[in-house]
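Asker: Spelled out from the first residue to the last, the chains are:
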Amino acid sequence: MEVTFWGVRGSYPVSSPHCVRYGGNTPCIEIDAQGSCIVIDAGTGIYALGEQLVKRGQREIHLLISHTHWDHIHGFPYFAPLHERGTRVHIYSLAHADRTICQILDQQQQQPFFPVQLEQANAALHFTDLAEGQQWQIGPANVLCKRLNHPSYTGGFRIECAGKVFAYVSDTDLYGPRLHGAGMGEGTDDVLEDRRLTLQRGTVELAQDADLMVFDSFFLPDEYKDDWGHSHTDDALRLSEEARVRRTALFHHAPNRSDEQLDALVEDCGRRAPDNTLLAAAEGDHLVL
Amino acid sequence: MRIRLWGARGEISIPRSETRRYGVNTLCVQVESSGASTLILDGGIGLNGLGNALFAGAFGRGQGQAYLLFSHTHWSHIHGVPFCLPLLIPGNAFRLFGRGGAHAMRELLLEQMQPTYCPVPNFFYENIGAQVEVCELDDPQPLQLADFRVEHAEVGHSHGGPCMAYSISDGQASLAYIPVVEYRDEASRARAVALCRGADLLIHDAYYSDDEYPAQQGLGHSCPQQAVDVACRAGAKRLILFNHHPARTDDALDATVKALSHVPMPIEAGCEGGEYIL
Numbered sequence: 001m002e003v004t005f006w007g008v009r010g011s012y013p014v015s016s017p018h019c020v021r022y023g024g025n026t027p028c029i030e031i032d033a034q035g036s037c038i039v040i041d042a043g044t045g046i047y048a049l050g051e052q053l054v055k056r057g058q059r060e061i062h063l064l065i066s067h068t069h070w071d072h073i074h075g076f077p078y079f080a081p082l083h084e085r086g087t088r089v090h091i092y093s094l095a096h097a098d099r100t101i102c103q104i105l106d107q108q109q110q111q112p113f114f115p116v117q118l119e120q121a122n123a124a125l126h127f128t129d130l131a132e133g134q135q136w137q138i139g140p141a142n143v144l145c146k147r148l149n150h151p152s153y154t155g156g157f158r159i160e161c162a163g164k165v166f167a168y169v170s171d172t173d174l175y176g177p178r179l180h181g182a183g184m185g186e187g188t189d190d191v192l193e194d195r196r197l198t199l200q201r202g203t204v205e206l207a208q209d210a211d212l213m214v215f216d217s218f219f220l221p222d223e224y225k226d227d228w229g230h231s232h233t234d235d236a237l238r239l240s241e242e243a244r245v246r247r248t249a250l251f252h253h254a255p256n257r258s259d260e261q262l263d264a265l266v267e268d269c270g271r272r273a274p275d276n277t278l279l280a281a282a283e284g285d286h287l288v289l
Numbered sequence: 001m002r003i004r005l006w007g008a009r010g011e012i013s014i015p016r017s018e019t020r021r022y023g024v025n026t027l028c029v030q031v032e033s034s035g036a037s038t039l040i041l042d043g044g045i046g047l048n049g050l051g052n053a054l055f056a057g058a059f060g061r062g063q064g065q066a067y068l069l070f071s072h073t074h075w076s077h078i079h080g081v082p083f084c085l086p087l088l089i090p091g092n093a094f095r096l097f098g099r100g101g102a103h104a105m106r107e108l109l110l111e112q113m114q115p116t117y118c119p120v121p122n123f124f125y126e127n128i129g130a131q132v133e134v135c136e137l138d139d140p141q142p143l144q145l146a147d148f149r150v151e152h153a154e155v156g157h158s159h160g161g162p163c164m165a166y167s168i169s170d171g172q173a174s175l176a177y178i179p180v181v182e183y184r185d186e187a188s189r190a191r192a193v194a195l196c197r198g199a200d201l202l203i204h205d206a207y208y209s210d211d212e213y214p215a216q217q218g219l220g221h222s223c224p225q226q227a228v229d230v231a232c233r234a235g236a237k238r239l240i241l242f243n244h245h246p247a248r249t250d251d252a253l254d255a256t257v258k259a260l261s262h263v264p265m266p267i268e269a270g271c272e273g274g275e276y277i278l
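Protein sequence lines correspond, in order, to chains A and B. Residue numbers for the first sequence follow the working numbering, beginning at 1 and rising by one. Residue numbers for the second sequence follow the working numbering, beginning at 1 and rising by one.
Everything labelled a hint here was simulated from the structure, so no lab data went into it. Since the model is a prediction, treat every value here as computed from it, not as a measurement. Do not take every clue at face value.
[What the hints assert, rightly or not] If you want the footprint, here are the derived chain B segments under chain A, 3+ residues with CB under 8 Å:
{"#": "1", "segment": "19-26"}
{"#": "2", "segment": "66-76"}
{"#": "3", "segment": "114-122"}
{"#": "4", "segment": "139-147"}
Every residue, glycine too, gets a C-beta built ideally from N, C-alpha and C.
Let the sequences and hints guide you as you build the complete structure.
Answerer: This is the structure:
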């Protein structure tokens, strides 16, 4: 499996001098699973990836959307393969209670917000609303989706292919005291605690023995807020140890996180977890598992 | 009047090395009057940076007051609103203006705050964050907002809803703002010329290049030649080309401006961080 980062920034795209090296595009990751093209999330990073996929003549694309907050779908209308005849784009996202992923993306392209409607796409689009815990096959890859602790409906993904494991765990407040997801916050203390532990166990299942895990490191430990639905860098180390992850990529960097801060984080985390060849994901990083 | 550009890019912000000098934040312009009132034109991604800057002053203490005028509701004009920090601070007061057309402006702005799409608490509701009032621009009369006099005109319908242009004066200087427009006929051009008559500064749509425009006619945007034409006919004193195509590189923008050096008027391509004192 080969993994390429096209967008690593959280919340919104940033183009200031403080983040030139790690990059300012919002989340998008490309996975080459022995020839099958898997894309995770449609932040602004998907713009440049789309141009590349058209140049390469990629006709079959599988797009996994972790959730539908703006920073994970904002680039979707600009994904060039949507406008290519003879191309098939399969779109997967965790099911919402009240609307389909197709409706959610369609709404983004309605007037008076956007000039080109989804139904005008030349590519054939196939939508799948995933159940929690759903497993399916994309070419040679086995994919698993588990719910994460983040507002609305958010899924993480585990992709196994040719004996290697990739895990995508963003966005989530993994060890926080609150439940953030839609429909998750109601119930007795016991019910809530049980849900919290279930979400944590599900996340460990996604990450177990991963060769590479991408993890939501929006906060530094001293910035952490328990009502946002994001984790911090120490959580990345804790989960990595718990699930015996071989390599961890800090991801979904806060808009104000500078290149120097990320350099320092990698050095600090690297010292504390010497067995993990940890990195802070940067736009353009290409890793072979 | 002090003007600062926080975002001059059209459509979508795609950070990359070829666009670093002019920047990729979508549209947002800050206007400070000589009496220190704050008015903001459009709320694209540039509004995030402006919000952070305002937060360092009175807006961080919940004592800020600002007016925000939208040309229309395409994403590149409103997508910075959820992450504009001062809107989350109780005590601040914002009045938002625009023309919604078939839908109320408030309803349109609320769309992007839905929890399906937006992780930020909805400060449009009472008791959350700043006091936010949305005003429909259905009266053609000019507005007086603190010490700003604001004239407005509808300049196009090609975006599925009304598209507004503004002329802003603080009694000492005037700014005309036409970020998105396509002139379908002489009448629409004359309306724009009337709105920017004698402006000290005109910020005008130049999404397409002059070469690209003929093939893109009808899609709702202008090119530099049309911006120059309106600026000259209106007797504007200075022109900023604005709303750059996402693929337009720094070098291409430099070349565009160079090619207009024969025009007897200062012309620049709008650049993130650019400041003008009128």
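Asker: Decide, hint by hint, whether the structure agrees.
Answerer: Results for each hint:
1. With a threshold of 8 Å between beta carbons, the proposed coverage of the segment 19-26 of chain B by chain A holds, since 5 of its residues qualify and at least three are required.
2. With 4 residues having a Cβ less than 8 Å from any Cβ of chain A, the segment 66-76 of chain B passes the three-residue criterion, so the hint holds.
3. A count of 5 residues in the segment 114-122 of chain B with a Cβ less than 8 Å from any Cβ of chain A is obtained; the coverage claim is therefore met, three being the minimum.
4. For a cut-off of 8 Å, the count of residues in the segment 139-147 of chain B with a CB near a CB of chain A stands at 0, and the three-residue condition is violated.
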